[in-house]
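Q: Keeping their order, the protein sequence lines are chains A and B.
3 is the number of the first residue of the first sequence in this note's numbering; add one for each residue after it.
3 is the number of the first residue of the second sequence in this note's numbering; add one for each residue after it.
One should not assume that every hint holds.
Any copy, or any two copies together, can satisfy a pair, since identical chains are not distinguished.
Result set (SDA-like, lysine to any residue): computed pairs, CA atoms no more than 25 Å apart in a straight line [claimed, not checked]:
| id | residue 1 | residue 2 |
| --- | --- | --- |
| 1 | K72 | P56 |
| 2 | K35 | E71 |
| 3 | K77 | A20 |
| 4 | K35 | A47 |
| 5 | K35 | V19 |
| 6 | K72 | L99 |
| 7 | K35 | N48 |
| 8 | K35 | T49 |
| 9 | K72 | E24 |
| 10 | K72 | Y36 |
| 11 | K35 | P91 |
| 12 | K77 | E17 |
The set of hints was computed from the structure by calculation and includes no laboratory data.
What follows is the residue order along each chain.
Number of protein chains: 2
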Amino acid sequence: MVQLDRLDHIAIPVEDVAAAVEWYCRTFRCTVKYQDQTWALLAFANTSLALVIPSQHPAHIGFVSPDAEKFGALKTHRDGTRSCYVNDPAGNAVEILAAD
Amino acid sequence: MVQLDRLDHIAIPVEDVAAAVEWYCRTFRCTVKYQDQTWALLAFANTSLALVIPSQHPAHIGFVSPDAEKFGALKTHRDGTRSCYVNDPAGNAVEILAAD
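Whenever a hint applies, use it, and build me the whole structure from the sequences.
A: And the structure:
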């Protein structure tokens with residue numbers, strides 16, 4: 003059985019972060035890990051959902067890969083994660099996070 | 003500890019399903035569960051990624067909820083899953099799958 007890579011999070015565009023957080027928390031069983039006026043992070047059982055104002059944070063999907071370094075210079079974020087961004091062939095933004 | 007709901011899959015838009023499948027399988031450790039010319043389904047460790055031609059299949063995110071029936075009449079799909087579609091406040095399409 004081959005080990006598969008993991009979806010760390012998806013970040014989808016919203017216009018009003020507070021309204022989106024309210025809707026997702028009313029609709030699903032999830033918890034708010036972070037929230038400000040430009041983005042929020044919700045925890046689900048198996049991954050996280052980021053709600054982002056597109057002008058402030060790009061919508062994207064983020065996977066963890068042991069080979070993240072192969073795809074670009076990794077930037078260290080405030081939460082300690084390291085990642086780079088690439089585009090898939092259709093232009094979707096994909097974040098590749100190091101496995102550390 | 004509250005049980006949280008689970009992200010079943012994300013479906014993102016692509017122009018060329020075969021090119022997208024090739025890119026994701028070259029970039030990440032994932033396996034192809036289904037593929038035709040209009041969409042493909044890739045298995046990752048914790049969820050699935052659907053690559054869809056938007057004119058054939060809408061881009062969306064799909065969560066499993068024990069309360070799926072509350073959000074609309076559930077349609078049974080060919081694979082036996084039952085779900086309905088709603089929009090979040092920003093207009094993102096959200097599929098709510100029954101937990102059976």
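Q: Next, verify each hint and record whether it holds.
A: Hints and how they fare:
Taking the closest pair of Cα atoms, K72 and P56 never come within 25 Å of each other, the shortest separation being 27 Å inside a single copy and 30 Å across copies. When the C-alpha separation of K35 and E71 is checked against a cutoff of 25 Å, the pair qualifies neither within a copy, at 27 Å, nor between copies, at 27 Å. Taking the closest pair of Cα atoms, K77 and A20 never come within 25 Å of each other, the shortest separation being 28 Å inside a single copy and 30 Å across copies. Proximity of K35 to A47 under the C-alpha cut-off of 25 Å is found in both arrangements, the shortest distances being 13 Å within a copy and 22 Å between copies.
Proximity of K35 to V19 under the C-alpha cut-off of 25 Å is restricted to the intra-copy arrangement: shortest distance 13 Å within a copy versus 34 Å between copies. Only within a single protomer do K72 and L99 lie at most 25 Å apart by alpha-carbon distance; the minimum there is 11 Å, versus 36 Å between protomers. Taking identical chains as interchangeable, the C-alpha atoms of K35 and N48 lie at most 25 Å apart whether they share a chain (14 Å) or sit on different chains (19 Å). Both within a single protomer and between protomers do K35 and T49 lie at most 25 Å apart by alpha-carbon distance, with minima of 12 Å and 20 Å respectively.
With identical chains, the CA atoms of K72 and E24 are at most 25 Å apart between copies only, with a shortest distance of 17 Å across copies and 38 Å within one. Proximity of K72 and Y36 under a CA criterion of 25 Å is satisfied in neither setting, with 30 Å inside one chain copy and 28 Å between copies. Taking the shortest alpha-carbon separations for K35 and P91, only the inter-copy value of 20 Å comes in at or below 25 Å, while the best intra-copy value is 32 Å. When the C-alpha separation of K77 and E17 is checked against a cutoff of 25 Å, the pair qualifies neither within a copy, at 27 Å, nor between copies, at 29 Å.
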